[in-house]
Amino acid sequence: MQNNEIRLTDLPDEHGHFGPYGGIFVAETLMEPLDELRIAYERYLQDPEFLAELDADLQHYVGRPSPIYHAERLSRELGGAQIYLKREDLNHTGAHKINNTVGQALLAKRMGKTRIIAETGAGQHGVASATVAARLGLECVVYMGEVDVARQEANVYRMRLLGAEVRSVSSGSKTLKDALNEAMRDWVTNVDNTFYIIGTVAGPHPYPAMVRDFQAVIGREARAQIQTMTGRLPDALVACVGGGSNAIGLFYPFLDDSDVTIYGVEAAGDGIETGHHAAPLCAGKPGVLHGNRTYLMEDSDGQIIETHSISAGLDYPGVGPEHAWLKDSGRANYVAITDDEALAAFHRLTRTEGIIPALESSHAIAQALKLAPTMRPDQTLLVNLSGRGDKDMHTVAAREGLKI
Amino acid sequence: MSRIAGVFAALRDQGRQALIPFVTAGDPEPSATLPLMHAMVAAGADIIELGVPFSDPMADGPVIQRASERALQHHVSLRDVIGLVRRFREINDRTPVVLMGYLNPLEIMGYEAFAEAAAAAGVDGVLTVDIPPEEGERFVPVMKAQGIDPIFLLAPTSNRARIERITAAASGFVYYVSLKGVTGAANLSLDSVRDKVAEIRACTDLPVGVGFGIKDAQTAAAMAGFADAVVVGSALVSRIEANPRDMATATGEITAMLAEMRAAMDRGK
Chain H
1 MQNNEIRLTD
11 LPDEHGHFGP
21 YGGIFVAETL
31 MEPLDELRIA
41 YERYLQDPEF
51 LAELDADLQH
61 YVGRPSPIYH
71 AERLSRELGG
81 AQIYLKREDL
91 NHTGAHKINN
101 TVGQALLAKR
111 MGKTRIIAET
121 GAGQHGVASA
131 TVAARLGLEC
141 VVYMGEVDVA
151 RQEANVYRMR
161 LLGAEVRSVS
171 SGSKTLKDAL
181 NEAMRDWVTN
191 VDNTFYIIGT
201 VAGPHPYPAM
211 VRDFQAVIGR
221 EARAQIQTMT
231 GRLPDALVAC
241 VGGGSNAIGL
251 FYPFLDDSDV
261 TIYGVEAAGD
271 GIETGHHAAP
281 LCAGKPGVLH
291 GNRTYLMEDS
301 DGQIIETHSI
311 SAGLDYPGVG
321 PEHAWLKDSG
331 RANYVAITDD
341 EALAAFHRLT
351 RTEGIIPALE
361 SSHAIAQALK
371 LAPTMRPDQT
381 LLVNLSGRGD
391 KDMHTVAARE
401 GLKI
Chain C
1001 MSRIAGVFAA
1011 LRDQGRQALI
1021 PFVTAGDPEP
1031 SATLPLMHAM
1041 VAAGADIIEL
1051 GVPFSDPMAD
1061 GPVIQRASER
1071 ALQHHVSLRD
1081 VIGLVRRFRE
1091 INDRTPVVLM
1101 GYLNPLEIMG
1111 YEAFAEAAAA
1121 AGVDGVLTVD
1131 IPPEEGERFV
1141 PVMKAQGIDP
1151 IFLLAPTSNR
1161 ARIERITAAA
1171 SGFVYYVSLK
1181 GVTGAANLSL
1191 DSVRDKVAEI
1201 RACTDLPVGV
1211 GFGIKDAQTA
1221 AAMAGFADAV
1231 VVGSALVSRI
1241 EANPRDMATA
1251 TGEITAMLAE
1261 MRAAMDRGK
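Chains H and C, in that order, give the protein sequences. For the first sequence, my numbering gives the first residue as 1, with consecutive numbering after it. For the second sequence, my numbering gives the first residue as 1001, with consecutive numbering after it.
Among the clues, some could well be false.
[Stated by the list, open to error] Here are the simulated DSSO-like cross-link-like pairs (lysine-lysine), alpha carbons at most 30 angstroms apart as the crow flies: (1) C:K1215 / H:K174; (2) H:K370 / H:K285; (3) C:K1144 / H:K285.
What the hints contain is simulated information worked out from the structure, not anything from laboratory work.
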């Protein structure tokens, strides 16, 4: 590698750019608060005391390190690569989201903020935010689209049990993107005492970098664990991509390992050709939304269009800017899995390994089901099992015509 | 001299301040906007801010969000808004028009294509809420090359260094967001606005407009005591929302409110 070549792991640059993507596209009122956040984040990520507290919380509260598990029976059935699962589903609250909320909440506390806000789609990030707020005694308001409030009742109740106020958002398409708009409006109004915990690697700088850094614990652990178990690096990584935080968390520590192939899996919904999907990297084009330049689902006038996925956590029209750059630079491959393929994978992993995956993670499993048979049995495939499927019981049952 | 500079120069000579109404183009339907623009000029508007509808208006309160939604039901696009200005110019060649909106429609159209079409139609300025000067290194020169003033926001959170940076990039006028919040909010503090406007004036000779949260003639007059322009949006747009099928009544209420503001701002001058 030449000296003047920029390494992917050195990004973003000081202005938050990943190639042409990322940046800070917000109204002026938020520029100063974002700068304050960037300074605090840069300072505390070098602060041994902060890092020790974060590590202790990740170990004792979240339950890290999460194991990796060799899915032997599934691998044997497929007759190809050995599939290993990074078990983020075993974290406290049931998904990778808590890695980030624990980190951002500690930062909020250090910055003297007394109130936290968050947006949520499926409710996992909302629950993870409400959880850390309860523990640290911070006021918590979670914005959630009216459509999502209706389809994720159990998570709404969990957030309320934890003491959070859930505000239903009835503007626009009434889903995750509108919840994010409303959280930004709250932040701009209450910027003095409020910390906005964004749940994914999108938004204005420093969020994409900061959320990645808090999630990269996934890849750091997995990189060491898989070498202990197999004696070498994996041949390929697979993770689902909505905003892309679990994926970047797994990918980032492997970016310099050029022999490791990387697959990000978007939601193809009813099929890319139908237009009813949530796959901006596979079928969208670059634009500016929610504070950053990235691939978006948009029409020819630049209006953001509604997305569809069976998985609420992937139902978002944008994607983290680092993924946009990993796509353009060719370092990662982005593919899409339909609702039906994800459901089939959901059932197959459940029956074969006794692990019920979240519908989001089922997209990654479905891609692994396609890839493994094309690989040799001495090769390995590391899949991020980003969350557990308990929250999806109603959705899956309803698809089968059952009411539970 | 640009239309915007001309208007501010003339008003300064008269010791008066600009009244700038904002309405969303295509709200509640596309044919409503052109007659409303002419009516607002007749009622005392010096500059018109025309909102470009966007699906995700992050900086706007509920009133202007819903105006965008109404316009988007008719698929009002950035090109449609430019077309509206072209038709406005067939009758009115003196009142400046500033397009206000979000960056993505301009990104998709392309900065150069937008600037050329907008300049040809008679657009005078563009206020893109979500592009700070840091991200505008390509945007600003493209607009200026076509004679379009890039108008930037300043906020209560803008420190001295940012005020200097923004006023250096801006032309036409600068727009001070009078409160921490979204358009149409209710937490306005006159004293803090006065102090901040003074701080801005120390950095620039550009006219300073004030907006967000100005709801009545009394507040407009108070702002005109120290600002060069007063922007009023949600208070007007709420009249359209209150009269969804009766644009004549909505227009009457809007022009009455503007005339009252105009009179209050000019009182004693």
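Each hint tested on the structure:
1. C:K1215 / H:K174: 28 angstroms, holds
2. H:K370 / H:K285: 26 angstroms, holds
3. C:K1144 / H:K285: 27 angstroms, holds
Hint check: no violations occur; every hint is consistent with the structure.
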